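Student: Given only the sequences and the hints, what does the whole structure look like? Please build it.
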Amino acid sequence: MADTLDLLWPVLVPIATAALTVCFWQNPKLQREIGLLGLAILFAVSLRLLWQVVEGGVIAKQFGSWPAPFGIGFVADPLSAALVAVSGLLALAVGVFALATIGERLERAGFHPLFHGLLAGVNGAFLTGDIFNLYVWFEVMLITSLGLLVVGRTKAQIDGAIRYAALNLFGTILFLIAVALLYGATGTLNMADLALLLPTMEATPGLVAAALLFLAAFGIKAGLFPVFFWLPASYHTTPFAVAAIFAGLLTKVGVYACFRVFTLLFTVEGEVFRQLLAVIAALTMVTGVLGAAVQWNIRRILSFHIISQIGYMLMGLAIFTQAALLGAAFYIVHHIIVKANLFLLAGAIQRASGTDNLKASGGLLRSHPWLAVLFLIPALSLAGLPPLSGFWAKYLVIEPALRDGFAWLAAVALAVGLLTLYSMGKIWLEAFWKAAPVQRRRPRRVPLAVTLPILLLGLVTMTIGLAADPFVRLANEAALVLVEPARYVAAVFPDLVPPPAMLAEPPAALPVEPASPQHLVQYGDVR
Amino acid sequence: MTIVYALAVAAYVGCGLYMMLSRHIVRLVLGLALLTNGAILLIFVAGRLGTTTPAVIERGSTVLAPDAANALPQALVLTAIVIGFALTAFAIALIVMAYRRFGTLDLGSINAAESMGVPRVATSPAALANDGRHHG
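One line per chain: the protein sequences are Z and H, in this order.
The opening residue of the first sequence carries number 1 in the working numbering; numbering runs sequentially from there.
The opening residue of the second sequence carries number 528 in the working numbering; numbering runs sequentially from there.
Possibly wrong hints are sitting among the right ones.
To be verified - To be clear about the criterion: a stretch of chain H counts as covered by chain Z if any three or more of its residues have a C-beta under 8 Å from a C-beta of chain Z, and this derived list gives those stretches:
1. 584-595
2. 604-617
Unchecked claim - Listed below are the simulated EDC-like cross-link pairs for lysine to aspartate or glutamate, each with C-alpha atoms no more than 16 Å apart in a straight line:
3. 61/Z with 6/Z
4. 61/Z with 495/Z
5. 155/Z with 633/H
6. 155/Z with 641/H
7. 29/Z with 107/Z
The set of hints was computed from the structure by calculation and includes no laboratory data.
Given the structure is predicted, the values throughout are model-derived calculations rather than measurements.
Ideal placement from N, C-alpha and C gives every residue a C-beta, glycine not left out.
Tutor: Printed below as a string of structure tokens:
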């Protein structure tokens, strides 16, 4: 029983915090304290869940004592547990940052309940083991993120919210249609059950349509190439704390859903589908980074870079070897920390220079030298310079690309890394290096609540970079479950004797060097 | 019967997609609502049509009648209707807010978010001091 709750805490804690903060709507100070306490507890229970998954493997629990395919259940595998833990860390950092940057007006407009509601939606999406339940968590995320988007009620936010709502609502409807087609073909919604059933079925037009609709729906959520326009149209209008949590988590839930559906339910096997994913990944990387190159607003630059970085993660899915999935899992974790940190830094730069327009800012290296150091850590990490976390992340996805016949994709990824460095260099030159256009006698103060989370996330980036081994091991565990869904299925159906098709070779003993392509379990052939 | 439902779904989705192409925000939201309804009908058909016997266990019995309707699509449809309703309500509130602030419902003439990101060459120190605070 205790185990069921362990799986549920990462969702229950933010829901309870959101409910409590609603109860004290008129008292922003109390809301702030409850919120911080809730975030601290959330981080603790997320870490605990990660620890349990690392120790004991995949955990699955069915609610209401309904046996596996009939009820709704949660499943924590290494990938989802790691993402829940990183989300917990990020939420705590952004929560502290929000203390100094989210004013009382936004708090009275409902910032706290929406923020915690968003976290509940994100964690629910990471943990659920039921495809329809995943849809419900997507909607929880959507409605709370829409609320956060317009919380300040400025003209730009309303405009951004319309564009965000239109494409994202469309995406969730596509998701719903895909779920309906899948249910019509298989008669089940439990993801582990689907993993057992789908490999035995023929690729009917309905199933192929469902797979492509899943790709389209999650592509919209993740910000993939032709359908990312909602992202740079809305993210730069939000308060910095909101932009940071959006940048860190929302698109990554889409990426996670892509990984879950295209490893567990469908597999990336047909050459056409692989090439399609590879081309989408390349175009996502290139359009994102080129979009960023022409921008002068820091938040806009960073928004376009989110898109560019999503391409690297999709690259791992397109190559679809254990090594590539390892790299992608590592990349997601690295990216959540670094990207959110850059948005927090954008907030600090705005505080220090009074503007987020690069043309109008400057002189921060002289007035706030420590801020410059804090900026360099995530900026260089994003571009992939050693010894920071981004170097390992890029290395781990590009190396399998070279090994597995995707040399052109690796070349694109390296070129995009160079252009990323150009954008980061632009922010550095304009905001820090060049002389300030207007000299102030006393530099603007940047409060401790702003710098502390930036410092924390910067230290995490350094730690991942300098001591990458445990993180690579964890990513390897995650990739193992992704390529061998038998483990995931076994956790949901403990009494089931796996059919011969699902018996994979015994799990490799933590090799940090990538496994060979033959390691890929031939499993599931829906296309 | 299934073909009738299939045609209805096709009509809903077709009309919804067509209306989503409009620049008028109200039409856009109506299109989304139609699309949602198409998806909901599709879930209903996916559970197979056949019997009208309610999925309720008779008094005195412990199991469902063998010819009872599939209860799962009904539960899914109910969830989807509630969620669709909530999101449509939010979207309409957003439209009202947009109309009050912009005085128009034509998406083509609303560019507050876009202009916020466009760099402006500030000329005077006063303009520089204001930059980053007043947009749109």
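Student: Indicate, hint by hint, whether the structure satisfies it.
Tutor: Hints, verified against the model:
1. With 0 residues having a beta carbon nearer than 8 Å to a beta carbon of chain Z, the region 584-595 of chain H misses the requirement of three or more and the stated coverage is violated.
2. A stretch counts as covered by a chain when three or more of its residues have a beta carbon under 8 Å from one of that chain; for the region 604-617 of chain H and chain Z the count is 6, and the coverage holds.
3. For the hint linking residue 61/Z to residue 6/Z, the alpha-carbon distance of about 10 Å falls within 16 Å, and the restraint holds.
4. A hinted pair counts as satisfied when its Cα atoms are at most 16 Å apart, and residue 61/Z with residue 495/Z qualifies at roughly 14 Å.
5. This hinted pair checks out: residue 155/Z and residue 633/H have alpha carbons roughly 15 Å apart, not beyond 16 Å.
6. With a C-alpha separation of about 11 Å, the suggested pair residue 155/Z and residue 641/H falls inside the 16 Å cut-off, and the hint holds.
7. In summary, the hint linking residue 29/Z to residue 107/Z is supported, as the alpha carbons are separated by about 9 Å, within the 16 Å threshold.
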